[in-house]
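Colleague: Sequences are here, hints too, so could you generate the full structure?
This is what each chain is made of:
Number of protein chains: 2
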Amino acid sequence: MQTPQKIAVVGSGLVGTLLAIYLKKLGHIVHVYDRSPDIRTVEFSGRSINLVMSNRGWKTLQDIGLEDEIKKIGIQVDKRGIHLKDGTFTTQFYGKEGESIFSLSRGVLNRKMIDLAEEAGAEFFFNRKIWDVSLANASLYEGETEQGEWKELKYDIVFGADGAFSRVRHRMQRQSQFDYAQEFMKIGYKELHIPANEDGTHKIDKNSLHIWPRGNFMLMGLANLDGSFTCTLFMPFEGENSFENLKDEKTLVDFFAEYFPDTKDVIPDLVEDFFRNPTSYLVMTKCFPWTHSDKVALIGDSAHAIVPFYGHGMNAGFEDITTLNEMILKYGDDWKTIFSEYQKSRKPNADAIAELSRRNFEEMSSKTADPKFLLQKKIEKWFSDKHPEKWMPLYSRVTFSLQPYAEALAIGDFQNKIMEEIMQFPDISHKWDSPEVEEKIIQLLNVK
Amino acid sequence: MQTPQKIAVVGSGLVGTLLAIYLKKLGHIVHVYDRSPDIRTVEFSGRSINLVMSNRGWKTLQDIGLEDEIKKIGIQVDKRGIHLKDGTFTTQFYGKEGESIFSLSRGVLNRKMIDLAEEAGAEFFFNRKIWDVSLANASLYEGETEQGEWKELKYDIVFGADGAFSRVRHRMQRQSQFDYAQEFMKIGYKELHIPANEDGTHKIDKNSLHIWPRGNFMLMGLANLDGSFTCTLFMPFEGENSFENLKDEKTLVDFFAEYFPDTKDVIPDLVEDFFRNPTSYLVMTKCFPWTHSDKVALIGDSAHAIVPFYGHGMNAGFEDITTLNEMILKYGDDWKTIFSEYQKSRKPNADAIAELSRRNFEEMSSKTADPKFLLQKKIEKWFSDKHPEKWMPLYSRVTFSLQPYAEALAIGDFQNKIMEEIMQFPDISHKWDSPEVEEKIIQLLNVK
Chain A
1 MQTPQKIAVV
11 GSGLVGTLLA
21 IYLKKLGHIV
31 HVYDRSPDIR
41 TVEFSGRSIN
51 LVMSNRGWKT
61 LQDIGLEDEI
71 KKIGIQVDKR
81 GIHLKDGTFT
91 TQFYGKEGES
101 IFSLSRGVLN
111 RKMIDLAEEA
121 GAEFFFNRKI
131 WDVSLANASL
141 YEGETEQGEW
151 KELKYDIVFG
161 ADGAFSRVRH
171 RMQRQSQFDY
181 AQEFMKIGYK
191 ELHIPANEDG
201 THKIDKNSLH
211 IWPRGNFMLM
221 GLANLDGSFT
231 CTLFMPFEGE
241 NSFENLKDEK
251 TLVDFFAEYF
261 PDTKDVIPDL
271 VEDFFRNPTS
281 YLVMTKCFPW
291 THSDKVALIG
301 DSAHAIVPFY
311 GHGMNAGFED
321 ITTLNEMILK
331 YGDDWKTIFS
341 EYQKSRKPNA
351 DAIAELSRRN
361 FEEMSSKTAD
371 PKFLLQKKIE
381 KWFSDKHPEK
391 WMPLYSRVTF
401 SLQPYAEALA
411 IGDFQNKIME
421 EIMQFPDISH
431 KWDSPEVEEK
441 IIQLLNVK
Chain B
449 MQTPQKIAVV
459 GSGLVGTLLA
469 IYLKKLGHIV
479 HVYDRSPDIR
489 TVEFSGRSIN
499 LVMSNRGWKT
509 LQDIGLEDEI
519 KKIGIQVDKR
529 GIHLKDGTFT
539 TQFYGKEGES
549 IFSLSRGVLN
559 RKMIDLAEEA
569 GAEFFFNRKI
579 WDVSLANASL
589 YEGETEQGEW
599 KELKYDIVFG
609 ADGAFSRVRH
619 RMQRQSQFDY
629 AQEFMKIGYK
639 ELHIPANEDG
649 THKIDKNSLH
659 IWPRGNFMLM
669 GLANLDGSFT
679 CTLFMPFEGE
689 NSFENLKDEK
699 TLVDFFAEYF
709 PDTKDVIPDL
719 VEDFFRNPTS
729 YLVMTKCFPW
739 THSDKVALIG
749 DSAHAIVPFY
759 GHGMNAGFED
769 ITTLNEMILK
779 YGDDWKTIFS
789 EYQKSRKPNA
799 DAIAELSRRN
809 FEEMSSKTAD
819 PKFLLQKKIE
829 KWFSDKHPEK
839 WMPLYSRVTF
849 SLQPYAEALA
859 IGDFQNKIME
869 EIMQFPDISH
879 KWDSPEVEEK
889 IIQLLNVK
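Sequences listed follow chains A and B, in order. The opening residue of the first sequence carries number 1 in the working numbering; numbering runs sequentially from there. The opening residue of the second sequence carries number 449 in the working numbering; numbering runs sequentially from there.
For the record, the hints were derived by calculation from the structure and aren't laboratory data. Even glycine gets a Cβ: it sits at the ideal position worked out from N, Cα and C. There may be inaccurate statements among the hints.
[Said to hold, decoys possible] Subject to a maximum C-alpha distance of 27 Å in a straight line, what follows is the list of computed DSSO-like cross-link-like pairs (lysine-lysine):
no.	chain 1	residue 1	chain 2	residue 2
1	A	72	A	59
2	A	295	B	634
3	A	336	B	695
4	A	336	B	634
5	A	151	B	599
6	A	286	B	795
7	A	129	B	599
8	B	634	A	344
9	A	417	B	865
10	A	186	B	734
11	A	347	B	734
12	B	743	A	186
13	A	344	B	734
14	B	634	A	286
15	B	795	A	186
16	B	784	A	186
17	A	247	B	784
18	B	577	A	129
19	B	792	A	186
20	A	24	A	344
21	B	634	A	347
22	B	792	A	286
23	A	286	B	734
24	A	417	A	440
25	B	577	A	151
26	B	533	B	829
27	A	24	A	154
28	B	473	B	454
29	B	472	B	784
[As the list claims (entries may be wrong)] Here are the in silico distance ranges between beta carbons for each label pair:
no.	chain 1	residue 1	chain 2	residue 2	range
30	B	515	A	237	42 to 48 Å
31	A	247	B	872	56 to 62 Å
32	B	593	A	38	32 to 38 Å
33	A	334	B	645	52 to 58 Å
34	B	833	A	293	56 to 62 Å
Modeller: Below, the structure written as structure tokens:
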């Protein structure tokens, strides 16, 4: 057991809140600060992408006894539902039977988590702006404005769970020997909305993650509990098919009629949603180190903000907590070692899920509409069903296993090389499930 | 001609000062701010690597009529002087006869440049701390401390020439869509000193850039006008041969006796220098965009801090000025276009010299002691002498030509692939200048 410490968590998002629950259960005094109002008191919509929870996230909730409670507010999603331009709708299962991810509304989940953290005894301080932190002695500096007067708040340990533009990291960035990178994507996103039917049911299959793949842009939709869907249009800011070019009502309506004809009946407020909701940016950030002595640690997006195309931002952040907790159980009161082992263990995995997420945009937005890619997936699934001990597809490794992301990425790259060779196999489209192909894959697996 | 503007340059380093001269000659009001005291009034030593000026830097000085004046304070360096561990000393000429770079002391050059800028009419404000800038209207915010009261200083245009940790860039970093990366090297450096002989002459050849290549660490030395040499020890912070391990006098003296035996007589104050001078960090930074509308632009290290191993930090910064000036001459008062064309033209070249500089550590610290590498260089030189229109070695492209860095890098990579093949040629160490090798190179050049 640990000696109780006075701990501040900066940021009341999903990771900060779940971390607060863990720290309370360990016996610490926990104060959570957020510059924004309490999300339970404000409307939350207009700039969110729905979340998906997969095994890594569930593992972290399970370890603290919250899995069942959260599952109640999620919707099982076991497949991609692909809407082609010609109106065809096809599905691709994500894993084996019974394997699924869960669609969760960010607002709903975050409110629930704050309730749970308060029940656990964490204290929340909303509308409190933390501008700076002293790394040497874990003090926070709070004030109305950045340039105004600040008050010092003393703690034993500070966690920066304050997201991609973390102020805690901002202080660390100004230390020597701190590596940091931020990169904005050329693709932005906008939230759209499919309302529920009058009887509260969903207008389209609620157990699919819907994708309208259109090459360098796509629409996607994830179900909410209330029968609605949160949709997200991902598209370049500039260029031929871009946000820049969808300037007026007519252009927008024509564009959707051309590229997403089957959304006409299900997105009734397209024009209003589109011009009211902001066009949001996507940013990737990387940094190292994540911790300072036994005083300060980054966790979640503040340490590794990724793009949403694998649905792993929250899962990776929750897995940070699992690793941190492992180190706490292992090293007791030695916070210096806890922090250094935590960052050492997580950094390569955070880099790997960042890379996987970046790559997955292309898979979602164009490959899912490519017959050759679909055949490749079919072969992988067929082989994996026959030889589960020899082949787990990359998506399953990342989403349904707890294998470290870095290992999943490395094995995925190896498997992909094999599949590239297999796709060159003569007459592969007919021979795809032949003994020769099976044997060839086994042979290639053995030349590691 | 341009309409006179009120322009602030933040930073009185080499690039800021030369930029001020250019802007004065164009008729603007120019104020240069620096948080440090006037370098002309303080001792400058202990943490500097000597500079080398090559053709790109000279071109920028020449265009404004300052080349001759600055050449007076430089020392021609036409070769590498390589000190092997066994005491052998060999040389490698950098280019053709008459081609050389110039060694310059940073302090001497910077003082001279400030004098010249003042003569040109630029006003300097030292000990003035600029904490922030308003991008929308080119105001600077100045104050004693970051958290204290600030004064607004209004300008038409602001240049951030304030180095790798630029405050001007710091403000841009907090804009959306600003890509930024900083990476600290695992190698640090420390300044050492070879004093002049009593009669003011140099103790070792002043026209060589001296290198003591020792694998993952090295010592180098560049001559000063006063007969002394500024030496720099580059070494990992941690590990077997590292700064961390050179903790006491005995370890240090033994280490130098083992690895740099021929420095014993020429670095008399080794122990004092070593423990007095700081161990400095090396950082690479990249960012984009470099400019904001027609109001603010980054230039030099603030836009692209690189490692010193190609000797091009200053040259690249001066070349920024050449490009900026080209755009000014082309677009007159249209500063928005000047800035956007300037950054568009320079960004790929800044990325290229960053990459070239990073790679050159290995070339300097280990390849210069590798017979295979020396043979490769000899073949390149032989072929280039015979076919100057077909082959200019990479070093010459970067240092003695004005070809854009990005082109030099691309062609260098192509040439390197050819040389890799040539080095596989049977019995290459004897056949290196044979007609077959000559023909093979020509053949490989043609399969582009």
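Colleague: Compare the structure with each hint and give your call.
Modeller: For each hint, the structure was consulted:
no.: 1; hint: A:72 with A:59; verdict: 16 Å, holds
no.: 2; hint: A:295 with B:634; verdict: 24 Å, holds
no.: 3; hint: A:336 with B:695; verdict: 24 Å, holds
no.: 4; hint: A:336 with B:634; verdict: 22 Å, holds
no.: 5; hint: A:151 with B:599; verdict: 23 Å, holds
no.: 6; hint: A:286 with B:795; verdict: 22 Å, holds
no.: 7; hint: A:129 with B:599; verdict: 24 Å, holds
no.: 8; hint: B:634 with A:344; verdict: 17 Å, holds
no.: 9; hint: A:417 with B:865; verdict: 24 Å, holds
no.: 10; hint: A:186 with B:734; verdict: 18 Å, holds
no.: 11; hint: A:347 with B:734; verdict: 22 Å, holds
no.: 12; hint: B:743 with A:186; verdict: 24 Å, holds
no.: 13; hint: A:344 with B:734; verdict: 25 Å, holds
no.: 14; hint: B:634 with A:286; verdict: 18 Å, holds
no.: 15; hint: B:795 with A:186; verdict: 17 Å, holds
no.: 16; hint: B:784 with A:186; verdict: 22 Å, holds
no.: 17; hint: A:247 with B:784; verdict: 24 Å, holds
no.: 18; hint: B:577 with A:129; verdict: 26 Å, holds
no.: 19; hint: B:792 with A:186; verdict: 17 Å, holds
no.: 20; hint: A:24 with A:344; verdict: 25 Å, holds
no.: 21; hint: B:634 with A:347; verdict: 17 Å, holds
no.: 22; hint: B:792 with A:286; verdict: 25 Å, holds
no.: 23; hint: A:286 with B:734; verdict: 14 Å, holds
no.: 24; hint: A:417 with A:440; verdict: 13 Å, holds
no.: 25; hint: B:577 with A:151; verdict: 24 Å, holds
no.: 26; hint: B:533 with B:829; verdict: 26 Å, holds
no.: 27; hint: A:24 with A:154; verdict: 18 Å, holds
no.: 28; hint: B:473 with B:454; verdict: 13 Å, holds
no.: 29; hint: B:472 with B:784; verdict: 20 Å, holds
no.: 30; hint: B:515 with A:237: 42 to 48 Å; verdict: 44 Å, holds
no.: 31; hint: A:247 with B:872: 56 to 62 Å; verdict: 58 Å, holds
no.: 32; hint: B:593 with A:38: 32 to 38 Å; verdict: 34 Å, holds
no.: 33; hint: A:334 with B:645: 52 to 58 Å; verdict: 56 Å, holds
no.: 34; hint: B:833 with A:293: 56 to 62 Å; verdict: 58 Å, holds
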